[in-house]
Amino acid sequence: MANRLGTPKSAGHWRFGVRCNRMRPCLSCLWVLFGLLMWVPTASAGILSSESDHRTYGALVLGNGLRVVLVSDSTTDKAAASLDLDVGSGSDPNDREGLAHLLEHMLFLGTDRYPTAGEYQEFIRSRGGNHNAYTSVDHTNYYFDIEASHLAGALDRFARFFVAPTLDSQLIASERSVVHAEYSSKQEADGRRIWVARRQALDPAHPQAGFAVGNEETLADRLGDRVADDLQAFYLQHYHAGRMVLAVLGKESLKVLEAMVRARFDEVPVGTSHALPDPVALYGADTMPLWQIVEPKKELRQLSFIFPVPSIRKLYATKPLSYVANLLGHEGPGSLFTALKAKGWAENLSAGSGMVRDAEGTFEISIGLTPTGLDHIESIGEMVFDAIRQVRVHGIEAWRYAEQKQLAKMQFRFQEAVEPITLTRALAARWHEYPLEDLLYAGYRYDELVKAQVIDYLSRMTPENLHLLLVAPGQETDQVDRWYGVRYRLTQLPKAWVAAWRAPSHVTALSLPVMNPFVPNDFSLRESLDTTLHPVRIVIEPGFDLWFDHDLEFGLPHSSLYFSIRSSQARGNAHQSVLTELYIALVNDTLSELTYPAFLAGVDFKLYAHRRGFSLRIEGFNDRQPQLLEAILDRLAEPVIEPARFERLREDLLIRLRNRQRGDPSHRAMGVLHRLLLERSWPPSELVT
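The sequence shown begins at 698 in my numbering and counts up by one.
Bear in mind the hints are in silico, worked out from the structure with no lab data behind them.
Be aware that one or more of the hints could be misleading.
To be verified - Once the Cα atoms are required to be at most 30 angstroms apart in a straight line, the calculated DSSO-like pairs of lysine-lysine come out as:
id	residue 1	residue 2
1	K1040	K775
2	K1102	K1303
3	K1303	K1040
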C-alpha cells in the first residue's frame, strides 16, 4: 500500500459570497486558478480510505466473535459509536409483528449496572451528545455521539445494552405506548402509506411483507403469551456477538480505543448460531405482471415500474445495476425524462435500486406524473421500454463505464469529512455486507465493465416481470389495508399493455447521453493570497458586494459560490411572493438538462426564493463552475418562457400549496409559527388565491 502524500498548508477551499441587486457584474469576479495535486490511494489496517481522510482506521475481532472497527481522529471534538446487528423486523415471529422494534426501545430503559431508566440518555445529552436507534427489515442499529472526553463513560453504559439489559416488565406497557404513538403518527404520511400498500403485492411469507412497526394490538399480552417472555426469547436468540459489528471513533490512539472496547465488550455473549431460513421470493410464483393503484392523502401522482432482480450486494465491485440506472435516470438532452417532460407528462424521474436483500431486490423507475400524464400511461410505458431497449442494444459501452468509474474515483479521492456519528453508523452496518477493505470504498468501486452482468439485469426488465404501481387521487380502489387504512387495487397488468410494451415503438426523441462536458480536469490548489482567517470584502460597488474567504483547512479542489439577490419587489405582498416562486421554478426547470451532467460531475447548484429575494449556491469541484455559473446567470437574466410549460409549473405550485394545508399537524403548526414570527409570510390559502 502506498503512503499518503501531504498537501501544502497554504492550499485550500475557496468560498465566495455575493450580495447584489444586479447580476452581470458577478461574472468578472469569479475565475479561479489552481496548482497540481497528485492522487495516491490510502490503506489503514486493510481499510481503503480517501487521500483526503486524515483519520486512522483499525479492525479486530474479539474472542466472542464481535467484529470491531476503530477510528482514531486526534482533531475531533466528538466521539461516536454504533453497534449494528444483522437482524430486524424480518425476524419477528408471525404472531408478534413489531417485536424487534419494541426490543430496540426497551434496551434504552436500564441495564444491570445502570438500572435507572433514562440514565443513559441523560448522560449522553448532558455531555453534548445525541443518541438513537433504528430497526429495518434486516438490521437493528444503535448509535450515539458525545463530547470526545466522555467516550469511556458512554461506552460503559452502551456496552451493557448487549450484555445484560433489564428488560423490565414494568416498563413494557409505557414503551409499547411509545411504539403505538410512532405507528399512529404515520397514519397520514403518504411515504409510509404507499409502502404499506406496496407490500400487499409481495409474497406474504417474505420478510418485507410484515407489519414492522407494531402497535398495542400486535404487542399486547395474551393468555399464556406475555410479550415480556417474547422479548427475552428474541434477545437471547438474536442478540449475540456473532451477529454484531461495533464501530467506535475517538480522539485516542487505536491502541487506547482497542483497550476501551475489550474492557467493555468482551462480555457480550457468544450465543448460538442458527441456520438462516431459505430465502422466499419477493413475489409469489405466477403472480406477475401486476398492476396496482394506491390512493394517497396528498395530491400526488407517481408511476413506478418495479422489476424484481437478483441482489446487487455481491456485485458491488462492478456495479452493473448502477451503470443501467445512470443511463435510464439521466436527465440530460435526449433522456427519457426530457422526452416525457417535453410531452407534458412528467415532472421528475428517478431510476435505481429499491429493495435490496441478500438474495434479491428490485430495480425501479419512478416518474412523477402531471395530471395530463395520467391519461397516457400506456404511451409512457412504451417510452420506458424503448429506453430500456436502447440501453440494451446501444448503451453497453466501455467509455460510458470508464466515465462513471472516473467520476466515482474522483469523488472518493476528494471526499469531504463525514460526521463521526454518521461514519460509525455506516461502518457498523457495512461490515455485514462488504469485505473489511471496502467498508469505505464499496460505494465508489468500479473494477470493470462486465457486459454479461449488465445484459442479465436488462433481460429482467420486461413487461412480464413488472409490478406497475400508480399513486394518484381519484382512482378506483377495492381493498383497504388493515393497519393504515390505505385504499388500493391490485390486479393483473392489462394484456394490451404487456403486448404493446413487449415490442415498443421507437421513440425518436430518445438518445443516449453524450460524454459529460463537466468532468473536471484541473484538481490543482491555489496558494493562499494572504493570511486572513475571515471573509474579506474585495469588491464594493453601488448595489453590489463581493466577499472572499480562502479555506486553508481541507486541501480540496472545491469552491462554494453564494449569491443573495435582494429586492423589495420579491415578497411585498402575496401576489409578488407567488410570482417570485414561479420565476425561480421556471429558471430551475429550463436549467435541468444542462445542470444534471454537472451534478453527476460533482458540481451542484441550488436556486431558491426567500423573503428578501432569491439566492443561488454553487458548490463542488471548482474547475467547471465558471461555465455553469454563466449558463445560470444567462437564464436568470433572460428566462425561456414556453406557455404550456409555464402553465404546468403554475399548476405544480398550486398543488404544493394545497398539499401544505394537508400536511401532518406538526408541519402545519410550524407554518403558523413561521408566519407569526416572520414578516412577508402568508398562509397557503392566500397564496393559492
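Structure-based check of each hint:
no.	hint	in the structure
1	K1040 x K775	51 angstroms, violated
2	K1102 x K1303	26 angstroms, holds
3	K1303 x K1040	26 angstroms, holds
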